[in-house]
Amino acid sequence: MHLLRCSVKNAHEIIDKTYFLFLCKSIMLLTRKPYHLLFVLAVLLAVVSLAGANNSKTVDVHLRETYYVLDVIFIMRAITMLLLLLWLLYIFTFQSLFSVGLAWMHISLTLILSITISGVLLWKSGNYVVSIDMMHVNIRRTTFIVQIFIALMLLTQLIYFINLLAGILKRVN
Numbered sequence: 002m003h004l005l006r007c008s009v010k011n012a013h014e015i016i017d018k019t020y021f022l023f024l025c026k027s028i029m030l031l032t033r034k035p036y037h038l039l040f041v042l043a044v045l046l047a048v049v050s051l052a053g054a055n056n057s058k059t060v061d062v063h064l065r066e067t068y069y070v071l072d073v074i075f076i077m078r079a080i081t082m083l084l085l086l087l088w089l090l091y092i093f094t095f096q097s098l099f100s101v102g103l104a105w106m107h108i109s110l111t112l113i114l115s116i117t118i119s120g121v122l123l124w125k126s127g128n129y130v131v132s133i134d135m136m137h138v139n140i141r142r143t144t145f146i147v148q149i150f151i152a153l154m155l156l157t158q159l160i161y162f163i164n165l166l167a168g169i170l171k172r173v174n
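Residue numbers for the sequence shown follow this note's numbering, so the first one is 2 and each next one is one higher.
Heads up, some of the hints might be wrong.
What the hints assert, rightly or not - Using C-beta positions, here's what the derived DEER-type ranges look like:
hint : residue 1 : residue 2 : range
1    : S97       : F40       : 18 to 28 angstroms
2    : L86       : L153      : 10 to 20 angstroms
3    : L89       : L159      : 11 to 21 angstroms
4    : W124      : N174      : 45 to 55 angstroms
5    : Y69       : N174      : 45 to 55 angstroms
6    : L45       : I92       : 10 to 20 angstroms
I should point out that these hints are in silico values taken from the structure, not numbers from a laboratory.
C-beta: ideal position from N, C-alpha, C; glycine also.
Given these sequences and hints, build the entire structure.
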């Protein structure tokens, strides 16, 4: 019995050491190649969008005298595709970038905005409005929020292209 207990204790130590080494290697990989965070969030958003595919909710957006009814799951899948595209771009162009700091800034802002947009849309789609007057106020707020976040997301993507262009120009000169 004593031998069995020792081997189980050693097995737990081996598992703990293996887990610790895996965690350290993962952290070191993310510090050297932070673009893998884009893939992680893309997988998480894909799982969330697949889990909510049966009870799809919509958000109304009013732009220039036209109401658009947006499916939240579709938007989350579009964000997932954007994150996967950025991840692939980083895989192929990471060596050509000018600054790792700019890459970190781009990746962190993209992740924050992706999570925020998904969260706001899920939250807004769950809010039901009782009166017609409040519905117009709610739609205006949602439209304003969506416009702000789309503009921020587009501006954030400029960071990547500026970083890539500066890196290419640095290598040429």
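Here is how each hint holds up against the structure:
1. S97 / F40: 18 to 28 angstroms: holds, 19 angstroms
2. L86 / L153: 10 to 20 angstroms: Holds: the Cβ-Cβ distance is about 18 angstroms, inside 10 to 20 angstroms.
3. L89 / L159: 11 to 21 angstroms: holds, 19 angstroms
4. W124 / N174: 45 to 55 angstroms: holds, 48 angstroms
5. Y69 / N174: 45 to 55 angstroms: holds, 46 angstroms
6. L45 / I92: 10 to 20 angstroms: Once the Cβ atoms are compared, 19 angstroms apart, the range 10 to 20 angstroms for I92 and L45 holds.
Going down the numbered hints, you'll see the structure goes against none, and every one checks out.
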